[in-house]
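Protein chains in written order, with UniProt numbering: chain A, 1 to 91; chain B, 1 to 356.
Hints are computed from structural coordinates only; laboratory data are not their basis. Glycine included, C-beta positions come from ideal geometry on N, C-alpha and C. A portion of the hints provided could be inaccurate.
To be verified - Short derived list, chain A residues pointing at chain B, Cβ under 10 Å: (1) LEU15; (2) CYS19; (3) MET38; (4) GLY41; (5) SER44; (6) ARG56; (7) GLY59.
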Amino acid sequence: MSVHTLIDLPELTRLLRECAGEEEGVDLDGDVLDTVFMELGYDSLALLQVVGIIQRDHGIELDEDAVAEAETPRALLDVVNSAARAERIAA
Amino acid sequence: MSAVDTRARPPHDRRPDDDTGGPERIALLLPGQGAQRPAMAHGLYGTEPAFTEAVDEVLALLGAEGDRIRADWAADTPAVPLDHVSRAQPLLFAVDYALGRTLLARGLGPAALLGHSAGETAAAVLAGVLDLDDAVRLLAERIRLLAEAPPGGMLAVAANPGQVAHRLTDQVVIGAVNSPNQLLLAGPEPDLGTVAELLRADGLTCARAKATTGFHSPSVRAACAAQIPSFRAVTLRPPRIPIVSGYTARPLTDAEATDPVFWAMQPAEPVLFGAALDRLLADGPYHLVEAGPGQSLSALARRHPGVTRGGSRVTPLLAARPRGPEDDRAALRTAVERLAPAAGSTRDRSRFEARA
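If we strip away everything but chain A, and leave its shape as in the complex, we get (with noise of 0.2 Å):
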């Protein structure tokens, strides 16, 4: 995890097996970076969830459009470590 980083791919896959729940286990083990949300199992609603979480943790807000257009983990980290990124400038 480099410096710039706030959450990386083992962290979004905890946090998308804690919302997921325990009766509901998706196989996230395998190379799962570039692989959609919705082959994975995780609709708009769930993805929400865990982006409510991410925004509540560690203080900070992302943009909505940005959310919606993240269709894979990969997309979502960016647009996640990029707000970290910008509110460290801000800062």
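Assemble the complex: chain A is given as a structure, and chain B must be docked to it using the hints.
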């Protein structure tokens, strides 16, 4: 499966009821209100013969209104917004039904059907419970009645029923239980908006579903009850293909299938999709095929234990976010390639490959 009269099934759908050695069985998942989007499946219209024919049959039965619906389907600025009941409902029905017909035309007949909300009406027609012309006439009447219901909506909430119970009112109710962690609340405005604010303050994740009517709530009960006489006037038959009902979470019995009140009141009753999917997959494994716009039901199915651990598979017929008509055609092509070796006979396959 004993309730099914195999003699009434089309020949390509006849296969041994054998879970172990037989071919993979297809179960269609048919989405309802909320799944609609501009130009949904429009890329198949005019290029996929069975799909085109089925959509045209539905729209022709709607007369001049059918022409206006066709014009709004992929319009940049539709005369009536696509989320309105008078556009969403007929187009969802047409697309779900036509995708079912597309699979039948390729010899990929389903062994079971499960519709979400209005998707169950498309299932009823595919299973022969309702004739297409009766179903479309009843749908047109239902739309007129629902258009007079109080303005309302639906709210997706990442929660289980217990987490929202204290926020429900006599008007804002649970309209659908989609999974252990996903609900749809339904009701009139401004009540629904008030409940949404309270749930957000509780720390729950909420998102507006695409509806301008409070489906599956008391606000549409009167409109549904007014349609009971019309349902009594049509012929209802036992299903030729088993339907797992989203309203009972069990295989539809012959008595339910032929009960006019059961069908008339569906838009006012809660949808138990999660429990119905549990029931379907308890008889699995199935190859679950989403026959409708988007992949909302596929996403729910993909995280179901019957799929993650039970050997069932999921194949949507359309893209999650199509970016143009070619995406619709590519998604169908990919899906049929996944399905053809599973359910088609050698002859069916070679016929498809010869056409492709």
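Among the hints numbered above, which are violated by the structure, and what are their numbers in rising order?
Hints 1, 7 not satisfied by this model.
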